[in-house]
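A.B. asks: Going down the list, the protein sequences come from chains A and B. Per the working numbering, residue 1 is the first one in the first sequence, and the count goes up by one each step. Per the working numbering, residue 1001 is the first one in the second sequence, and the count goes up by one each step.
Source of the hints: derived by calculation from the structure; they are not laboratory data. Be careful, since some hints might not be right.
[Claimed, not checked] Here are the in silico distance ranges between beta carbons for each label pair: (1) F1053(B) - L24(A): 56 to 62 Å; (2) L31(A) - W1183(B): 18 to 24 Å; (3) K1191(B) - P73(A): 52 to 58 Å; (4) V84(A) - F1260(B): 35 to 41 Å.
[To be verified] Derived contacts from chain A toward chain B, CB cut-off under 7 Å, selection only: (5) L103; (6) Q106; (7) L117.
Idealized CB from N, CA, C, for every residue including glycine.
Next come the chains, spelled out residue by residue.
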Amino acid sequence: MKDTKVATRQMSTLKKNDIFWGYLFIAPTLLGLLIFYIFPVFQTFYYSFNDWGDFGNYSWSGLQNYKDMFDDPQIWYSFRNTLVYAFVMVPFSIAISIVIAVLLNQKIKGLTIYRTLFFLPVVTMPAAIGMIWKWLYNADYGIINHMLEWFSIDGPSWLTDPNWVLISIIIVGTWSAIGTNMVILLSGLQGIPKSLYEAASLDGASPIYSFFKITLPLLSPTIFFVAVISFISAFQVFDFIFMMVSPTNPAIDSAQSVIYLFYHYAFVIGEKGIAAAIAFVLFIIILVLTIIQFRLQKRWVHYE
Amino acid sequence: MENVSKSRKLVIHLLLLCGAILMIGPFLWMILTSLKTVGEAAQIPPKIFPEVFQWSNYKEIFDSFPFAGFYWNTFITTIIKTIGQLFLCSLAAYAFARIKFPGRNFFFILYLSVLMIPPQAFLIPQYQIIANLDLLNTLTALVLPGLFSAFGTFLLRQFFMTMPDELEEAAKIDGCNHFQIYWRIMLPLAKPGLIALAIFTILWSWNDFLWPLIVNSSPDKMPLSAGLASLQGQYSTNYPVLMAGTFLASWPLIIIFMLFQKAFVEGIALSGRKG
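Extracted from the complex, chain B is given alone in its bound form (with noise of 0.2 Å):
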């Protein structure tokens, strides 16, 4: 039995290996890449490692484009997005789960309905409302429609709504109203959700591409997704400097990722069982 399931595991490592090559190659062929001259990044038979690490690849990006900008303009819309979803979605799914108001069930299937709506089919009038709002190219236009989320009332909702009674009972006998029961009691219990609720805001609004390119395309107010866009316009094939852009655009999520990983596996998770 024991030897069995040893060969058996290493099958199964073997197996596991091969899929995490897969994944994890191309990400080291875009550092590799990154650090070589376009002589070699074009050389036949391939190269694996540079002769000498091209820094100047990195140097040249910053020199060329606005990329601190970049790195500001992404890192500040998504912070302004996630604390004014996790405030705003969980007010209102507070109010669908424990209060009980008339039109609470209408507007809840009003709120459903948005998430059935694919982006396409508000694209058009969101851009003219920034647009009408004199709003291109601000900060401002990347973070006002994504401030709003059905997905997030929801998402919380289901949390507000499996917590006790009692907490709720005790707190108003002592007085406190709606705002102090939410604030004081329910938010701190509703961890998980808002957890999960802000990775996936941080990782939508740092990844968002579409929104950005339509209404932001002045460089200096750019996210990284489209500033990478852009980078592409400028270096149609000096993949070195390409891969290096790529690399400066996606690293900060991906080491977010490592160090909360299990945050981000099981707020994921959690919205496949809660969903």
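If we strip away everything but chain A, and leave its shape as in the complex, we get (with noise of 0.2 Å):
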């Protein structure tokens, strides 16, 4: 009897320690978290309904932010420049990589060499990136455009036409995404057991055969996860489009992304409001996209 009392009692005091260092533990992230990122979402909620007066003084408004951006065809050309640019870079950059990764997951010499070679860009700043290939893309002094003249093709001004400035964005988007993507999913390659391949060749299946009924299907959950991580990603797309594409380049309104012009309105004109319901319904889009690819993952990835 006394001894099951002095046990409950023990425990009740572990627990209760477990419960002071739980807190204890978690209070400086949760501190911070809270401080810095979760209270301000809220705070970007309410600031989209006011508008902000020249001295960060600001007042209800109601709806007035979200007309305004509505009203501003600006607005609607990042829109459809970010969405463009997702659905093009982020198939696009996945299907090079799947290629990539399992050219590169068939026991071939200097697999180490090619990885450094591809994985380079994600080492690198996005504002360098953005800034070498402005060098390339120089519509005068350009390599590429002198490339394509050695077969005659006269190149067009790659960031100040309207009709390509956005293609230009999507060729770098991919080539700095090729690299976390091929990474990602070679491991994922790794994963998947040699012997079905043997077994499928000693049924005579070929190559090509085993890639789309052995490697896709058994490779599709992590190309589901790089697939929702790219998505996110690319609708975030700013640092080398701000390098590459000032503010006063004709082809602005085809290059600006959505963050872009938040970044614009936020910090250079200073309408805060406007700035945050752009953030508020981007951040909408993108939950509503993440949603949707949660739902047809179903459809298409094979879990064990």
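With the hints as a guide, dock the two chains, each given alone in a separate frame, to form the complex.
C.D. replies: Dropping the structure here:
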């Protein structure tokens, strides 16, 4: 009788101890996240219903910011550009990454060297990538147009022609996304048992057949993961566009992304209310697309 | 069979080589351009190698920009953010994985929800906090919000979850408290996770662009990324100098990557598997 009482008391001091340590351990990050991330989200939402004055003062304005936002053709352009960018860049870069990952998975010599080269853009700062490509794309002295001249092709003004600028941006986005995708896909590929391929080739299956019937289905969970994170980051594209396309660029309407315009509204012209509205609409779009992706995964992702 | 696979390997190498050239080409062109005169860079048809290596382009950058300061600002904020995140995230991750306390699930879901929020949804208030604390144009501004990471906590929690209970039980019997178990037993075992998180933090911190652009407009407190943008403002068409600056901004991380490339690649792959 006495023993169990002592035991329960010990138990409860242990539990109290656990509560103390648990909260102590999460306290710093919890406070930081609350102050810098969680509370600010609600604040942003609130700001989107306020009109901002020149000196940081703001007053309730209802849905006016949202109205202003949808009346501004620039904002429509930026959403269009971002959607096109994401829906072209993501599938394109994933397809290329799958091909490279499969090639690298073939027990070939020099795997590390190839992997290093494909990974280089990932460790290069996007601001630097923007600068490098701006030079490559230069209409008069850029190396790309010089090389096109060898084939007697008159290269376009990549970054100032409204018909080309988004394509140029998509190329840079793809080029810099391949490394990360490839590494994640390669580790997914290495998880596929070799015996499956051996069995298939004994049955006389061609490598192409094995690719579509074994590799793709078994890799689909990894592809799904890569697709989800790629879409989220594609919707936030900013850094290299900011470096390559200045606000005075004649093709700006066809180039600016949502974040580009968000930055302009919030931190260049000080319209924080409209910027907050833009941020919120983009947040909703990302959320909805991510949910759709999770819904659609049942149709094509194979979990064992 | 041998022959078939040999020719197949040749095709694979050819394909990969083409891809690799597309990847490395822009970097080589950056380096070559950075050593040319403006005239050479604009020459038609282009010259691949400069007549004389123009090291003066690099000198020019250090003369007219506080580039050494850019390095220091980037370096010190990256170090502080990385060490801070490793410590704070691993503490919280340990609690979420190994300690039972009321509200644990609620708080963990709260952390997870932060993962879903895109940055622009908290940038404006973050900027205001920094401005209200009078921290604009300081290194503290660069570091502060980045010390706290929901992603890091999530990543490390996955590691602490997989550790055997026996170790913890034995330590408890020996009278260790949770901090001792965390510090002496769990942290050393979570090394792969810590390395992965360190790599992500270094990458993000070194390359971060939008946040420094917003909070630090004075050149002496800028990191390399924002410094590069201001470089472009001054040398808008002097591509040799711009390429020299671009090279200077990006080489340290490329070298670090070359030295620790196995850890980098494994860290990124790991997040794919744990995520």
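A.B. asks: All hints, please: hold or fail.
C.D. replies: Results for each hint:
{"no.": "1", "hint": "F1053(B) - L24(A): 56 to 62 Å", "verdict": "holds, 58 Å"}
{"no.": "2", "hint": "L31(A) - W1183(B): 18 to 24 Å", "verdict": "holds, 21 Å"}
{"no.": "3", "hint": "K1191(B) - P73(A): 52 to 58 Å", "verdict": "holds, 53 Å"}
{"no.": "4", "hint": "V84(A) - F1260(B): 35 to 41 Å", "verdict": "holds, 37 Å"}
{"no.": "5", "hint": "L103", "verdict": "holds, 5 Å"}
{"no.": "6", "hint": "Q106", "verdict": "holds, 6 Å"}
{"no.": "7", "hint": "L117", "verdict": "holds, 4 Å"}
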